[in-house]
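Undergrad: These protein sequences, in sequence, are chains H and G.
If you use UniProt numbering, the first sequence corresponds to residues 1 to 342, in order.
If you use UniProt numbering, the second sequence corresponds to residues 1 to 433, in order.
Bear in mind the hints are in silico, worked out from the structure with no lab data behind them.
Ideal Cβ positions, reconstructed from N, Cα and C, are used throughout, including at glycine.
Please note: incorrect hints may appear among the correct ones.
[To be verified] Quick partial rundown of chain G residues pointing at chain H, CB under 7 angstroms, derived from the structure:
| id | residue |
| --- | --- |
| 1 | Glu161 |
| 2 | Asp177 |
| 3 | Thr178 |
| 4 | Gln182 |
| 5 | Asp257 |
| 6 | Leu258 |
[What the hints assert, rightly or not] From the derived model, a few chain H residues whose C-beta atoms are all more than 12 angstroms from chain G:
| id | residue |
| --- | --- |
| 7 | Asp6 |
| 8 | Phe34 |
| 9 | Ile148 |
| 10 | Leu154 |
| 11 | Tyr227 |
| 12 | Lys231 |
| 13 | Ala233 |
[What the hints assert, rightly or not] A few chain G residues that face chain H, going by a derived Cβ cut-off under 7 angstroms, partial list only:
| id | residue |
| --- | --- |
| 14 | Asp164 |
| 15 | Glu166 |
| 16 | Pro196 |
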Amino acid sequence: MSAETDLAAQASTTSRSILRLLKDPLIWLIVMAFIVGIITSPYFLTPLNLANTIRNSAAIGLLSLGMTMVLLTGRIDLSVAATMVFSVIVGVAITTQIGAVLDERWIVRGNSFVGPPVLAIVITLLTGIGVGILNGIGVAYLKVASFIMTLVMLTALRGLSYIFTNGAPFYLKGATFDWIGDTVYLGMPTGFLIFLAALTVMLLLLKGTVAGSRFYAIGGNEIAAMYAGIKTARYVVAAFAISGGCAALAGIVLTARLKSVEAPLGGGYELTAIAIAVIGGVSLAGGIGSPWRTFLATVLFALGLNLFGLWGVSTSYQNLIIGLVLIVAVGISSIQQRMKQE
Amino acid sequence: MITFNKRNLLLGALAFAVTPFLSGTWALPAAADDSSVHTVLNGLIGKYSDAARTGMSNDDVSDLFGRDGFRDYLDAYPVGDLAGGFIWEPGMGATFTGPYSKLEIKAPFTDYLPMPEGPVLDPSKTYRIGFVFHGFNHPWLISLADTAAWEAARHPNIEFEVIDAEFDDNKMGQVIDTWIAQQYDGIVLWPAREAPMGPPVDRAIAAGIPVVSLDRRTSSEKISSEVLGNFYANGLQQGLFLKQISDGGKIILNRKDLGSTADSIRTGGFLEAIGNEGGYEVAGNYHTKSQRTLAFKATADALQGIDDVSVSFNTGGEEAIGALDAIREAGRLNSAPGGGKIVILANDDSKEVLKEIADGNIDMVAPYTPLIGDIGIRAVIQHIGAKEGLNEAPPKLIMTPNLPMITKEAMDIEGVKTVTPDQWLYAYGPKAE
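All chains should be modelled from the sequences, with the hints used to inform the complete structure.
TA: Here it is, written out as structure tokens:
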């Protein structure tokens, strides 16, 4: 094939992708939200407001990405928000213990963490992945329903978080946490860039590898996938591990912004993560969905909340509107599922 | 390097309280009338604190006091005069219908940092003030919002926005960030927890927006003002009352979250008051998180295991009602040794608690009024005025007046004249039938 033909094919693929993108109603909803924002509030387009909006989307977006992985396999993970907080608490607690062994005092003046942040972050990530693996083993090998397994995990992790902190916060000190929580590059907060990085990795995994397609296969028809030779249990464990890892990453982003972590943080965020994934078109029955659309739904959700905030809409009405949107999204998801089965 | 921890923050707040007086940036208040309840209670706090510092003869109380580190919290908790030499007397304050609860409210402190009705500061300008709190589902917090909204509505050039962050600290931070982006003129908040609210408050202050916290504190050292309650007087009065009516007995404690200001100062003040009385024994110690159901369960369990409970100490009104329900359900109201009544001690002067006092079921309550939102609004307006060079800034620390305990019959306990439920005009929440 000649170079010209290659180029032509590539251009055709790109234009097809752009056309497909423009057909996505989420894109149009985001554009509409922007237009409405610009018309209704003089503050909407300010760099500070835009940075706030996308920064606020990072932690919940990461939770939603993890949730997307689990939902694709036809399972659910109710423990994501508890994992998010628990992982950071364990990260700080274990790093502090390591410090004690090394004769270093990394918790000062009661509850300020001044230890090496990179070590704490690594332990946080490992803890999140570990929690995910436990969930996955319970679901895939012990055959516990994912709803039950992760609900029990949620309760246990919330309790453990209180025990490890004795109900008090850890203050997170140091330049690394400031960098993650506060810095902005070309209008993009670091937390949001971390979210984009996780999205890229997940897109590469799901769309660019054979292993990725197997997650869809398991969610679409698990028995058929098994007969096709896919070791489904391993993939289910992997999906939960990715969800746990994303939750830990969300924990790092969230707590770096608040400069502290404590047990009650993020209560109920698991439901928001499910809502965003479903609004993004992920089927609750598994097999359908894309991290890209979850990303779009996250941005749309953050824009919506920002507009409500700028308009001064009370939280009760915000909840009502979110609930209505969710009902519509679940309805569409259910219709899609029925059409797929037919 | 500045470090944020509980002790530093509390000590920092104490420094905030003292610094303006030392630097002369705030007019020294006139000496308070020695007979005012605020001064009398501050004197008693000093007396019992000194005694407890010397030592506690009751080993059981002393052990708990030491184990939970009450000394650190109590030492750092500010006790002092009221701003501008204000003297509060029972009967003061305005009466109005709460904009949110639709209930009739008599707010005790509307004459504190007074501000006449009408336009404020520059009448040609409109000032936008945001009020963020948690809990449109909680009577105490609705009353807090009621008083804030009432004060804002008295000034036609104030544009007032109220947001309920629904106990989500991250959301409260996001609300504050949105108001920063919108260049609000002032922010008043009720933070549920200290730690996560420091960074957003610091960002607002850095953006030149004055911020005032109500009741609870944030981890910000830069906050414009803190309107603080009278936790110390609450716990102390519970102890004084108990000492007055009994010689000892087994106590069940229903406490708030470990480490919360309400728990550490109220319970600490209570333990200081009884720490040198030999007859008391802490038989049960529970953290029931301000929840009636948890207090019910903890008390019911304690009653199962302990035959001779004499006292139920509760750090809040919800806990006290939960404890009372458990005691009544177990048929144990009059099961204290010698056939006496179990003494129930409460905080928070809801109408429901007051009714139980009038009925003789709860024995005393130390009022902790939510009707302080108006002080926060006036303080933030004064801060905005100070920024514009129109007036002096209010003090960093604005103590609310100590309030006398409420008992079924009027009593005089170490100089504190208690009031009866029918004399107490400031109870909040829905009427109890």
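Undergrad: Quick check on glutamate 166 of chain G please, does its C-beta sit within 7 angstroms of some C-beta on chain H?
TA: holds (6 angstroms)
Undergrad: Aspartate 177 of chain G was flagged as interface toward chain H. Is the shortest Cβ-Cβ separation under 7 angstroms?
TA: Given a least distance of 5 angstroms, the restraint on aspartate 177 of chain G holds.
Undergrad: Would the non-interface assignment of phenylalanine 34 of chain H survive a Cβ cutoff of 12 angstroms against chain G?
TA: holds (16 angstroms)
Undergrad: Hint glutamate 161 of chain G vs chain H: min CB-CB distance below 7 angstroms?
TA: Hint on glutamate 161 of chain G: holds, closest Cβ of chain H at ~5 angstroms, below 7 angstroms.
Undergrad: Using Cβ atoms only, decide whether proline 196 of chain G comes closer than 7 angstroms to chain H, and label the hint accordingly.
TA: Because about 4 angstroms separates proline 196 of chain G from the closest Cβ in chain H, which is inside the 7 angstroms limit, the hint holds.
Undergrad: Any CB of chain H closer than 7 angstroms to the CB of aspartate 164 of chain G?
TA: Holds: closest Cβ of chain H sits about 5 angstroms from aspartate 164 of chain G, inside 7 angstroms.
Undergrad: Min Cβ distance, leucine 258 of chain G to chain H: is it shorter than 7 angstroms?
TA: holds (4 angstroms)
Undergrad: Hey, does isoleucine 148 of chain H actually stay past 12 angstroms from chain G on C-beta?
TA: holds (24 angstroms)
Undergrad: Would alanine 233 of chain H pass as off the interface with chain G, using Cβ distances and a cut of 12 angstroms?
TA: holds (35 angstroms)
Undergrad: Is the Cβ of leucine 154 of chain H farther than 12 angstroms from every Cβ of chain G?
TA: For leucine 154 of chain H, whose nearest Cβ neighbour in chain G is about 16 angstroms away, the distance exceeds 12 angstroms, so it holds.
Undergrad: With 12 angstroms as the threshold, tell me whether tyrosine 227 of chain H passes as away from chain G on beta-carbon distances.
TA: Fine: 45 angstroms to the nearest Cβ keeps tyrosine 227 of chain H off the interface.
Undergrad: If we take the beta carbon of lysine 231 of chain H, is the closest beta carbon in chain G still more than 12 angstroms away?
TA: Given that every Cβ of chain G is farther than 12 angstroms from that of lysine 231 of chain H, nearest at about 39 angstroms, it holds.
Of the numbered hints listed earlier, not one is contradicted by the structure.
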